[in-house]
Amino acid sequence: MTHDTVKRLNVVGLIITIITVLCAILWTFPLYWGIISSLKPEDEVVRPYIELWPDTLTFSHYVDALTKTQIGAWYINSIVTALGITVLTVGSSLLCGYAISQLHFPLRRPLWWLILGSFMVPLQTLIINHFELIARLGLLNTWAGIILPQLIHPVVIIVYKQFFDSVPKDFREAAAMDNASEWRILTRIYIPMNWGVTTALSIVTFIWSWNAFLWPFLAVTRTEMMTITVGITQVSDAFGVYYARELAAAVLAGLPVAIAYLIFQRRVTQAITLSAGIKG
Amino acid sequence: MLKNRRHEALIALTLVAPFVAIYGLVFIYPTIKMFILSFTDAPLIGDGEYVGFDNYTRLLRDRRFDTALWNTFYFVALSVVPGTFIAMAISLGINRLKGRLQAFVLALFFLPYILPVSVVFTIWDWTLNFQFGVAMHVFDLLGIDRVPVFKSSAWFMPAVALITVWWTCGFSILLFLAGLRAIPVEIYEAASLDNTSRWQVFRRITWPLLNPITALVMTIQLILQLKIFDQVYLFSTGGRMNDNLVLVLYVFQRAFQSNQGGRAAAVAVVLFLLVIIVSVLNFQLARLSGSRDR
Chain E
1 MTHDTVKRLN
11 VVGLIITIIT
21 VLCAILWTFP
31 LYWGIISSLK
41 PEDEVVRPYI
51 ELWPDTLTFS
61 HYVDALTKTQ
71 IGAWYINSIV
81 TALGITVLTV
91 GSSLLCGYAI
101 SQLHFPLRRP
111 LWWLILGSFM
121 VPLQTLIINH
131 FELIARLGLL
141 NTWAGIILPQ
151 LIHPVVIIVY
161 KQFFDSVPKD
171 FREAAAMDNA
181 SEWRILTRIY
191 IPMNWGVTTA
201 LSIVTFIWSW
211 NAFLWPFLAV
221 TRTEMMTITV
231 GITQVSDAFG
241 VYYARELAAA
251 VLAGLPVAIA
261 YLIFQRRVTQ
271 AITLSAGIKG
Chain G
1 MLKNRRHEAL
11 IALTLVAPFV
21 AIYGLVFIYP
31 TIKMFILSFT
41 DAPLIGDGEY
51 VGFDNYTRLL
61 RDRRFDTALW
71 NTFYFVALSV
81 VPGTFIAMAI
91 SLGINRLKGR
101 LQAFVLALFF
111 LPYILPVSVV
121 FTIWDWTLNF
131 QFGVAMHVFD
141 LLGIDRVPVF
151 KSSAWFMPAV
161 ALITVWWTCG
171 FSILLFLAGL
181 RAIPVEIYEA
191 ASLDNTSRWQ
201 VFRRITWPLL
211 NPITALVMTI
221 QLILQLKIFD
231 QVYLFSTGGR
241 MNDNLVLVLY
251 VFQRAFQSNQ
261 GGRAAAVAVV
271 LFLLVIIVSV
281 LNFQLARLSG
291 SRDR
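Residue numbers (our numbering), protein chains in the order written: chain E, 1 to 280; chain G, 1 to 294.
No lab work stands behind these hints, which were simulated from the structure alone.
Careful: at least some of the hints might be erroneous.
Claimed, not checked - Now the stretches of chain G that chain E is said to cover, found in silico as 3 or more residues with beta-carbon under 8 Å:
1. 12–22
2. 30–44
3. 251–258
Said to hold, decoys possible - Here are the computed distance ranges between Cβ atoms for each label pair:
4. Leu141/G x Trp195/E: 49 to 57 Å
5. Phe171/E x Phe85/G: 40 to 48 Å
6. Ser166/E x Leu141/G: 50 to 58 Å
7. Lys98/G x Asp178/E: 46 to 54 Å
Stated by the list, open to error - Beyond 12 Å from chain G on every Cβ pair, some chain E residues (computed):
8. Phe59
9. Lys68
10. Ile76
No residue lacks a Cβ here, since even glycine has one placed at the ideal position from N, Cα and C.
Required output: the full structure, derived from the provided sequences and hints.
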């Protein structure tokens, strides 16, 4: 390899790197622009040229969004329902995944096939019957009504089974020698050995639930029962054409998940690759 | 021994009970009901008469169903293949970076994926706003005529597809990065000894070794985009919803706006079968090509 080709390759490499970084900045620009616009006074927002930094920085739109809409209630609804979905999904999937992975019982295989099959089913097609079910149960406009149809996350149980399958059998045999009960084996060996997976799955389930749109949008008609994801799209009329306020409300809605992602970046990445069937 | 096994089964059944109860109530029951409903003329809530295949035969002559079906395919074509290759290109770029810079750039590309659809909607509605949107200022600078993007039927689907790619690309990027990291370094080292060009390395090594991941990303995207609703609905409000119909949106319209549960269920069944067929076909193809990545 001559000196020249080495140099040429490095130049090409450098150019690719620069392009990648520039693309990343361009990619995030709409987000930046949305946030910056939400911090500008309303007359500055509609100026007919691009202004990358506000002349006067103002938080008044955030104050307006917090005081003039029911965003506080939406936050609570989102937190309660997303937590509820996370705890119920992860909890029930953990127990069931453990049983399928470690225990013998009748109908074990059909149950597993059902779970794998449900992975393919487009849940959006069930909205009519979910609505009918929740309406008959009298749960429209309630937290339970928002939560129930969102408890179908076959990915969680599939990942759990994989991980429980890969726990060495020696642990189980040793515990069985000590006459440990099944519950003890689960809570003292299998759960502690897989805390990482549980954390990862819980975080993404929470983010998915926080972001869910279609079902919460159908299940709730009363403004004060909306989740924040739905709420911010339903009240833009109440603002008139105050773009900056809408953006401020959007920033408030996205902030919790964005922060959760930035804190748990590695876990989120792990869970996402796992959910696609790649063992990370 | 027999007692032990019965004991084990009893414990197992207790453990699976919560899951089975949830699945029975919100998955199996609604799925069966959907099929039954599609053969009746029932409203959204309440009972109806059995009408045989009427709801299905009507779909054949239903122009709005046609629009919904074709728009769905159009959207899939606009988003799946371009989205996959954009994600691949980005992940190749990210994979070259090291340490903190890599983590930072990855986070920038991934961030949109983590946001709720309504936030994505608000931000892009603002970015592409006809009067004040920053994209229109750029259009002015480039001498392109401004377009009311979401009010024009020619621009609507491409724009929503672009936004969807922007929103969901982070997911595909993660999968590609995992794939790239699984390629042994030794292969690249051997190639560099042979003085192979950058393009050759990509063509002969990276591309073929990434094939299973490319197929996986495309399948996931395909199935995901067949079920599109949120973005199309949000960007259509105040616009021309009937021109922008996609399948789930049509189910929503029939059921929740026209109060025709039976007819809506027939559309839902079509989409249900469509997605299942695609999933099964893909599974079989993956098995035939010997990839065991799923």
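Here's how the hints hold up against the structure:
1. 12–22: holds (count 8)
2. 30–44: holds (count 6)
3. 251–258: holds (count 4)
4. Leu141/G x Trp195/E: 49 to 57 Å: holds (53 Å)
5. Phe171/E x Phe85/G: 40 to 48 Å: holds (45 Å)
6. Ser166/E x Leu141/G: 50 to 58 Å: For Ser166/E and Leu141/G the Cβ distance comes to about 56 Å; the hint holds.
7. Lys98/G x Asp178/E: 46 to 54 Å: The hinted range 46 to 54 Å holds for Lys98/G and Asp178/E, with Cβ atoms some 48 Å apart.
8. Phe59: holds (18 Å)
9. Lys68: holds (17 Å)
10. Ile76: holds (16 Å)
Hint check: no violations occur; every hint is consistent with the structure.
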